[in-house]
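Spelled out from the first residue to the last, the chains are:
2 protein chains.
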Amino acid sequence: MPKHEGVSLSVIKRLPRYYRFLGDLLEKGVTRISSRELAQLMRLTASQIRQDLNCFGGFGQQGYGYNVAALHKEIGNILGLNNNYTIILLGAGNLGRAIAKHMDFEARGLHLIGIFDNNPTVVGQQIKGLTVANSTYLEDFCRERKPKAAILCIPKEAAHETVERLMSAGVKCFWNFSHYDLSLAFEDAVVENVHLGDSLMTLCYQINEYYSDGEEK
Amino acid sequence: MPKHEGVSLSVIKRLPRYYRFLGDLLEKGVTRISSRELAQLMRLTASQIRQDLNCFGGFGQQGYGYNVAALHKEIGNILGLNNNYTIILLGAGNLGRAIAKHMDFEARGLHLIGIFDNNPTVVGQQIKGLTVANSTYLEDFCRERKPKAAILCIPKEAAHETVERLMSAGVKCFWNFSHYDLSLAFEDAVVENVHLGDSLMTLCYQINEYYSDGEEK
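Residue numbers (the UniProt record's numbering), protein chains in the order written: chain A, 1 to 217; chain B, 1 to 217.
Everything labelled a hint here was simulated from the structure, so no lab data went into it.
Any given hint could turn out to be false.
The list treats identical chains as one, so a pair stands whether inside a single copy or across any two.
[Claimed, not checked] Capping the alpha-carbon separation at 30 angstroms, the derived lysine-lysine pairs in DSSO-like fashion look like this:
1. Lys156 <-> Lys28
2. Lys13 <-> Lys73
3. Lys156 <-> Lys13
4. Lys156 <-> Lys73
5. Lys13 <-> Lys146
6. Lys28 <-> Lys13
7. Lys156 <-> Lys172
8. Lys172 <-> Lys146
With the hints as constraints, model all of the structure from the sequences given.
Next comes the structure, spelled out in structure tokens:
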């Protein structure tokens, strides 16, 4: 049984932000903080913070507040950031390449061990110390190295077939940048989506609302 | 007054997904669809679809369903995708460069008109037909071209000062990739966040839950 069954995904999705703020506090040398102060900093209510953290047992002490280092470490544990889960990248185009270079995987509990592409001009290139392999070797690689997750930076058209191959090869968890709703076709896949196109349209909506209130800005 | 005041952001955030699915249907030559069929396709309930679309006046006809082309166009209008809002990019590192090259801004109602960086080895380079300018020219550029929004692909440490400069220069809308919660310091900024680090930690949590149910996988 998963360890935190019953905790809603909306609570989970707030944990990385707590982790980030607590990390900043640690860097500034802050050792303890009350839920009221933390709430002010993060623009939440103290009761929401207490509620969120109570889902995992609660870490505060009445009259003392939270020990910043302990809470930071504990949230890191809940998020599983110490497990060094292996992950591979599918698609070494502009976006995939940037994700590989830009992200600090190790700081987020992951370890990038392979990069695949089917474009012959890209295969063989070095990215972050890894040689881009031809996608035809995907199954062999998965059999040997058993990666736990895959990053999908591939076109929508290629996504279904690629996910099918990955699932058959034992990879069930996906960081999905392709504009393909893979959880519709693969019900038992574990998916975290980053739909940049959707996000950009949401931005466009907000710009449009901002500039359509009649005022010259 | 904004046109859709009172419509919750969670409804807004679902619109791009409707737009995407309707676009796919259009490409496949589907001309009409019932809310039940659309619900099945998108794994929503028919009543949620009707509720969402009713926020904007509703587009279905009893016994006919939705006209796919009309609904697609109407959602595009609501999202403001026909306005060609001008946007600039701050930070032409790995991620900024990939965003500039990878995203189809025009299809999402935006027009990329400038790229800025303060790294002298990057300034002067060509990205998607634009010459990367030195950030010192930011104010001049904003005065002349009045961009409506900015993409922040800059380090967290540089974010506060950059946003301050942009806000003073009249840019109030942000697509924020920096791990900096800018809406805390700039209450009247319009912000769409893409916190890739938070997303990666959420993925890590889900991998951890998946693999910690005791079963060998």
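Here is what the structure says about each hint:
no.	hint	result
1	Lys156 <-> Lys28	between (43 angstroms within a copy, 15 angstroms between copies)
2	Lys13 <-> Lys73	within (17 angstroms within a copy, 32 angstroms between copies)
3	Lys156 <-> Lys13	both (25 angstroms within a copy, 20 angstroms between copies)
4	Lys156 <-> Lys73	between (38 angstroms within a copy, 22 angstroms between copies)
5	Lys13 <-> Lys146	within (27 angstroms within a copy, 35 angstroms between copies)
6	Lys28 <-> Lys13	within (24 angstroms within a copy, 35 angstroms between copies)
7	Lys156 <-> Lys172	within (18 angstroms within a copy, 32 angstroms between copies)
8	Lys172 <-> Lys146	within (11 angstroms within a copy, 46 angstroms between copies)
Of the numbered hints given earlier, the model fails none.
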